[in-house]
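Numbering-wise, the working numbering puts 57 at position 57 of the sequence shown, and it's gapless, one number per residue.
You can take every hint at face value.
With a cut-off of at most 20 Å between alpha-carbon atoms, the simulated EDC-like pairs for lysine to aspartate or glutamate come out as follows: (1) K236 x E329; (2) K309 x E319; (3) K146 x E119.
Computed Cβ-Cβ distance ranges for the label pairs, DEER-style: (4) E92 x S238: 57 to 65 Å; (5) H361 x P317: 38 to 46 Å; (6) S252 x S285: 29 to 37 Å; (7) E343 x Q78: 22 to 30 Å; (8) G67 x A227: 36 to 44 Å; (9) D85 x G156: 30 to 38 Å; (10) E343 x A291: 32 to 40 Å; (11) P339 x T234: 17 to 25 Å; (12) P317 x D154: 34 to 42 Å; (13) R65 x I216: 29 to 37 Å.
If you are wondering where the hints come from, they were derived from the structure by calculation, not from laboratory data.
Here the structure is a predicted model, which means the values were calculated and not measured.
Glycine included, C-beta positions come from ideal geometry on N, C-alpha and C.
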Amino acid sequence: MSFIVVSTQEYGRVCALLAIVAFRTHHMRHLMSPHNSPSELEKKMQIGFIGLGNVGGKLASSLQRNGFNLMVRDLDRQVATPFIDRGARWAESPAQMTRQTDMVITCLPNPSASAAVMEAQDGILSEMTDGKIWAEMSTTDEHEVKRLGEQVLDAGGEAIDCPVSGGCHRAATGNISIFVGTERHTFDRAFPVISAMGRQILHTGPLGSASVLKVITNYLASVNLVALGEALMTAKCSGLDLNTSYDAIRISSGNSFVHETESQVILNGSRNINFTLDLVVKDMSLFQAVADRTNVPLELAPLLLDIFKDGQSRYGPREWSPNIVRRLEEACNEKLLAPGFPEEIVDDELESAGFEVSRTH
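Using the sequences and the hints given, assemble the complete structure.
So this is what it looks like as structure tokens:
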């Protein structure tokens, strides 16, 4: 038998390393549920996807990339061409899609668009039957998703609201976060499909809960965007270098996801995050409606909504949302531009299997 002799200092280092490994292992077990990657049987589920826009197209691509059978539909048939070329089927109507699939996903720009797709004569509800799932991935109103969900349940189907968060660049790689509001058995049944589109999957509670959390988190992101514009302009007008200012914020307690993404395209000048001012106004209005229903006396939100409405009237509803900083640029006669920043944000993380996030407490 042989022995390895180590010093007390080396022994301490080994123990510390083992402790770190043990902590990380425990931490990941806490975060990740035992769900596995989709099986071949699960991939045989027929999935319908309506709405192939900036976000929806990327989510649908993740489903195709992960081997799911897909049927697609969009008002603009041309955007469906790449999916059809890769083997997806085209649906002539939402009704046909519902009839021929096990799960129909909608990812649309506003609640009225979702209602039209659901309740039209040839809509989803006309063919909803026992065991079929409707998954609403649009950013929508809690009451509206519940209203439509009740009709799905009355027809024997199952309903989910599962909006995403994290930006188009993470939707493109399948690494976006997804909130899921539904009953537990429906969550488990739909998990293989949902986890093929996103990485961190949080079961938020019953139908409607995910939609509330989505507009809450979008509100926080929009507050941060306006605050960052003010911070960067104050730095610029104080004679500070904007590259240095960006790094100072990045390594400070003032850092955020929005700073590490949107500040970069602000300083580049492209301002392109695939999200427009009209969508911010819609989301802020939905957040305000939730607060009004629950009698929360908001102070920042009404001011923020006015700022974005003003930006929309000045620059148009389809202007990129980070261009809200143009209001400050015009007021100060200064440009928020700096060299070396990317034109668009790209997710540099490899796609990894989605997992259920356990609640912290």
